[in-house]
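Student: Now for the letters of each chain:
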Amino acid sequence: MAEQPTTEPSGTLTGFAKGFGLTFATMFKKVYTQQYPFEVFPTAPRYHGRHVLNRHPDGLEKCVGCELCAWACPADAIYVEGGDNTDEERYSPGERYGAVYQINYLRCIFCGLCVEACPTRSLTMSNEYELALDNREDLIYTKEQLMAPLLPGMEAPPHPQRLGDEKAYYTVESQAPLQQGPPMSTANVAGRPITGIAIEVGRHHG
Amino acid sequence: MGLEEKLPDGILLVSVEKLVNWTRKSSLWPVQFGLACCAIEMMSFGGPRFDSARFGMEVFRASPRQADLMIVAGRLSQKMAPVLRQVYDQMPEPKWVLAMGVCASSGGMFNNYAIVQGVDHVVPVDMYLPGCPPRPEMLIDAVLKLHHKIMNEPLGPKRAAKLADQKVELVPSSIKYAK
Numbered sequence: 576m577a578e579q580p581t582t583e584p585s586g587t588l589t590g591f592a593k594g595f596g597l598t599f600a601t602m603f604k605k606v607y608t609q610q611y612p613f614e615v616f617p618t619a620p621r622y623h624g625r626h627v628l629n630r631h632p633d634g635l636e637k638c639v640g641c642e643l644c645a646w647a648c649p650a651d652a653i654y655v656e657g658g659d660n661t662d663e664e665r666y667s668p669g670e671r672y673g674a675v676y677q678i679n680y681l682r683c684i685f686c687g688l689c690v691e692a693c694p695t696r697s698l699t700m701s702n703e704y705e706l707a708l709d710n711r712e713d714l715i716y717t718k719e720q721l722m723a724p725l726l727p728g729m730e731a732p733p734h735p736q737r738l739g740d741e742k743a744y745y746t747v748e749s750q751a752p753l754q755q756g757p758p759m760s761t762a763n764v765a766g767r768p769i770t771g772i773a774i775e776v777g778r779h780h781g
Numbered sequence: 006m007g008l009e010e011k012l013p014d015g016i017l018l019v020s021v022e023k024l025v026n027w028t029r030k031s032s033l034w035p036v037q038f039g040l041a042c043c044a045i046e047m048m049s050f051g052g053p054r055f056d057s058a059r060f061g062m063e064v065f066r067a068s069p070r071q072a073d074l075m076i077v078a079g080r081l082s083q084k085m086a087p088v089l090r091q092v093y094d095q096m097p098e099p100k101w102v103l104a105m106g107v108c109a110s111s112g113g114m115f116n117n118y119a120i121v122q123g124v125d126h127v128v129p130v131d132m133y134l135p136g137c138p139p140r141p142e143m144l145i146d147a148v149l150k151l152h153h154k155i156m157n158e159p160l161g162p163k164r165a166a167k168l169a170d171q172k173v174e175l176v177p178s179s180i181k182y183a184k
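Residue numbers (our numbering), protein chains in the order written: chain A, 576 to 781; chain B, 6 to 184.
Hints may contain errors.
Unchecked claim - Cβ-Cβ distance ranges computed for the label pairs, FRET-style: (1) B:Pro53 x A:Thr661: 58 to 66 angstroms; (2) A:Thr661 x B:Cys42: 43 to 51 angstroms; (3) B:Ser82 x A:His734: 50 to 58 angstroms; (4) B:Asn157 x A:Asp662: 37 to 45 angstroms; (5) A:Gly594 x B:Cys42: 31 to 39 angstroms; (6) A:Pro620 x B:Gln122: 31 to 39 angstroms; (7) B:Ser82 x A:Gln609: 30 to 38 angstroms; (8) B:Trp27 x A:Thr589: 43 to 51 angstroms.
Since the hints were made in silico from the structure, they are not lab data. What you are looking at is a predicted structure, and each value in this text was computed from that prediction instead of being measured. Cβ coordinates follow ideal geometry from the N, Cα and C atoms, glycine included.
One chain only, chain B, in its complex shape:
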């Protein structure tokens, strides 16, 4: 962002980094990008039984300019790929992509000419979620793992160089948050 690159290393901005990351992960607004049957499970994720409002992300924004997270739910056809890319480009930084379901992650069982074999051919993906379709618990688990990744994101290139060799371990949510 500018300021932190000029300051000496690690005296002030580590706490700021934590605070910034915490604010970012606590209201992760998803952009609407339901493409197929996974979107039904994604709607269930927003509904009362699973209630994404518990994680501050109940507002599925119709405008990408107000969104931080793109949940690509469903198979991406070749014709839809430029649209996906445009919606992604319209989202303001920082932004994250969650490939929901096997079709979005790798093409799944649709290994043919019509389907993009994984949305990471088009946009950078931060979290891959298997399942056909994944149950809403799996989506919650993926979102919480993404929250954990966001909490460990470096602020600026100096911190990035310092944290480059640290791998963020992703623990299953039922173990991490078990009572």
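Okay, chain A solo, but in the shape it has when bound:
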């Protein structure tokens, strides 16, 4: 048996004083805990939350049903079916619109590649993150849940093009500001409309 190493009595005492001193001093420090559900702290402005499908200033949908978001998605979370616009029933300027638009939030990894892929800046992301639900069906968000709410001055589609011909929708002047609103919203309850800050992700090719 090897001899036990002896501790020096003086060193032990200062060690105690140092250790408990630190513990005691911590009592007077500011509490670090964020009281999350009672006080909500804003996310970073470009936080990748749930998606928003934006509208043109007259209320027509920006989505043209091109499925580029679905192709860009690494998790295959997006399902899009395009439909044909007619003069009687028009949802978006131009020929096509997104007839069916679904995002499965149990597959979505919030990477933002869909937002980068979107050619009309229809798809953006909000800062909404309270998405937990107790079944898988309700976490597949449909187009009604993802569409941005109608702002004052907007008209619910279908209606004819109010801004002129198709090109008038894609000038600099006609670009409506992306949906603004309170950072947290009631949007993640199934069926309620969406508000929230829409952010632009991946603006490196503009």
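Got chain A sorted already, so can you dock chain B onto it with the hints?
Tutor: Just chain B now, kept in the frame of chain A:
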């Protein structure tokens, strides 16, 4: 549990049901089941900034026999699936499962032969939490929604039959608990 099934309906045990549910939800001890990167966020949930001790669940139990809640944090591989099931079976009733992150909920971006496409293939899941990984606030939100579900759980088959058609609405925590 036995007694409440013999008594006439709704005279005594509604308050007991509330009390029992309150005790159950107030100390929901999770079993350690961190499988991947979501576990890092789950640790943050237990840490000082988000502090799960505020909800009485700071003790992550290493033994499933002392736990009520299994937070499956991360992707579940086919080889790990029987282990998950065994740990779940070792937990005493009543028990709940929270699938944290998209991989645990549905397989997420790993749609391949190695990953179980959602832990609900193996165990019953009470709460699905999207996100990759979900931030700790999202986990707190999911836990509080689960608390709400537990508070509305029926005590015994009679109450279950009575409450069967009532759907528990899950409100986002920042709205429900907003000051």
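Student: With reference to the structure, classify each hint as holding or not holding.
Tutor: Hints and how they fare:
1. B:Pro53 x A:Thr661: 58 to 66 angstroms: Taking Cβ atoms as reference, Pro53 of chain B and Thr661 of chain A lie about 60 angstroms apart, which means the hint holds.
2. A:Thr661 x B:Cys42: 43 to 51 angstroms: Since Thr661 of chain A and Cys42 of chain B have Cβ atoms about 48 angstroms apart, the given range 43 to 51 angstroms holds.
3. B:Ser82 x A:His734: 50 to 58 angstroms: Cβ of Ser82 of chain B to Cβ of His734 of chain A: about 52 angstroms, so the range 50 to 58 angstroms holds.
4. B:Asn157 x A:Asp662: 37 to 45 angstroms: Since Asn157 of chain B and Asp662 of chain A have Cβ atoms about 51 angstroms apart, the given range 37 to 45 angstroms is violated.
5. A:Gly594 x B:Cys42: 31 to 39 angstroms: holds (34 angstroms)
6. A:Pro620 x B:Gln122: 31 to 39 angstroms: holds (34 angstroms)
7. B:Ser82 x A:Gln609: 30 to 38 angstroms: Taking Cβ atoms as reference, Ser82 of chain B and Gln609 of chain A lie about 34 angstroms apart, which means the hint holds.
8. B:Trp27 x A:Thr589: 43 to 51 angstroms: holds (48 angstroms)
When each numbered hint is compared with the structure, a violation occurs for hint 4 only.
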